[in-house]
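Enquirer: Residue-level listing of the chains:
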Amino acid sequence: MSRVTAASKGLASCHLCQKVASVELDKCPRCGTALHSRKSNSLNRTLALLCTATILYIPANIWPIMITDQFGSSIESTILGGVVLLIQMDSIPVAVIIFIASVMVPVGKLLSLFYLCWTLKSGSSVSPRQRTIAYRITELIGKWSMIDVFVVSILVALVHIGKILVIRPGIASITFAALVIVTMIASKGFDPRLFWDKEAENHE
Amino acid sequence: MSMHTHSDDQMACPSCDHLYDMSGLEQGQQARCGTCNHLLATYREHAYAHVVAFSISALIFFVLACCFPFMSFKSSGMESVMTLPQAITQIKGEGMWDLAILVACFILIIPALVMALTAALGISLLAGWRNHWAKDVAKLIFHLQVWSMVEVFFIGVLVSLFKIADMATVGVGIAFWSYAAFAIFFTLALSNLDTFQTWKNLEELEP
Ligand SMILES: [Zn+2]
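Chains A and B are the protein sequences, given in the same order. Position 146, counted from 1, in the first sequence is what our numbering calls 991; the numbers after and before it change by one each time, with no gaps. Position 148, counted from 1, in the second sequence is what our numbering calls 428; the numbers after and before it change by one each time, with no gaps.
Source of the hints: derived by calculation from the structure; they are not laboratory data. All of these numbers come straight from a predicted model, not from anything done at the bench. Each hint can be trusted.
List of simulated lysine-lysine pairs, DSSO-like, C-alpha gap at most 30 angstroms:
{"hint": "1", "chain 1": "B", "residue 1": "Lys-372", "chain 2": "A", "residue 2": "Lys-1008"}
{"hint": "2", "chain 1": "A", "residue 1": "Lys-1033", "chain 2": "B", "residue 2": "Lys-480"}
{"hint": "3", "chain 1": "A", "residue 1": "Lys-966", "chain 2": "A", "residue 2": "Lys-854"}
{"hint": "4", "chain 1": "B", "residue 1": "Lys-419", "chain 2": "A", "residue 2": "Lys-988"}
{"hint": "5", "chain 1": "B", "residue 1": "Lys-480", "chain 2": "A", "residue 2": "Lys-854"}
{"hint": "6", "chain 1": "A", "residue 1": "Lys-872", "chain 2": "A", "residue 2": "Lys-884"}
{"hint": "7", "chain 1": "A", "residue 1": "Lys-872", "chain 2": "B", "residue 2": "Lys-419"}
{"hint": "8", "chain 1": "A", "residue 1": "Lys-884", "chain 2": "B", "residue 2": "Lys-419"}
{"hint": "9", "chain 1": "A", "residue 1": "Lys-884", "chain 2": "B", "residue 2": "Lys-415"}
What the simulated footprint calls covered on chain B by chain A, stretch by stretch (three residues with Cβ under 8 angstroms from a Cβ of chain A suffice, anywhere in the stretch; the number is not a length):
{"hint": "10", "region": "289 to 300"}
{"hint": "11", "region": "307 to 321"}
{"hint": "12", "region": "369 to 380"}
{"hint": "13", "region": "422 to 433"}
{"hint": "14", "region": "438 to 445"}
{"hint": "15", "region": "475 to 482"}
Note that beta-carbon positions come from the ideal geometry of N, C-alpha and C, so glycine has one too.
Chain A with its partners taken away, still in its complex shape (with noise of 0.2 angstroms):
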């Protein structure tokens, strides 16, 4: 027994504004944008996306995000560094949002979303519905990445008391804040209808 969907009706849905037209329409009846059946091209799209993400992954850890000069002599903290530092400043709740936001969604992201794809190209055991709901939680977590960034930002704003203590914002800053941006379009270009798909030409 096969659901019933768009497709299989000879349907789509129109990405933006969710009406049903016949898949044969160029253009969505109601809003204009493009109508597709499912995202063009979106799993070499998304693959093209995660490998550039990963390249941006290096130089966003090793570079400085942020320099700290204090009383003549500068600091450069990388994001890690950050995160070290915090510790040994017993600012473990800190250390841990840090932590979280700028290593461990990011690296999950990533790992999450390459996974995906490759479950598109060789199928996997798990359920279509497990890894739909996996998806969608990478895609909801991805801009909280930004939090380390936003700190910086802060933290450049607020401390410049004369030369005594100035806070300067390092090139990893943007490298990172350019991470979040493209992974965050490789999970919107995503789409995990593939999955079902997928798994209805299995049963077939």
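Fit chain B with the ligand to the known structure of chain A by using the hints.
Expert: Frame of chain A; chain B with the ligand shown alone:
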């Protein structure tokens, strides 16, 4: 009964493509996909009145958040006070104009634009106007809202408060509380603007 009127109540789940007839969904109800549990639509009571009230409140708090001091920092007998627009110019002043533009877009420009457009769309739908611009406004809102990071920024502010609390005396100003209120009203306004219902009503109001 023609095929055309019937298809207006059809919705395909964005996650699994399952086709649903939404004509039975009533005010105050929520619909979830039975196959994948995706939240399909939430019809809130008096949705557009709430959209208008919340988005206008959000805009008022946004103006306050931009005009008043956001945070202050006191160390070695010297104090620095900053407003949100000053924060952006300070980042630009450190030579990171690209970071300044990104932060400005994510926390100020896009959220304010989304709220202004939401207020306009809400008023238009509440009044039942037949106009040519409401659809374009709705398209912009649904494109832009992904890129608003109001709530993420606010958590970032709280983290930075803890981070520098040992370093110096840190204070929060009127703009801090205004931004918090802005974030709450922003979320409430958008949660009342259901995608499916909004577009259905826009189609009915086509000039
Ligand atoms: Zn579904």
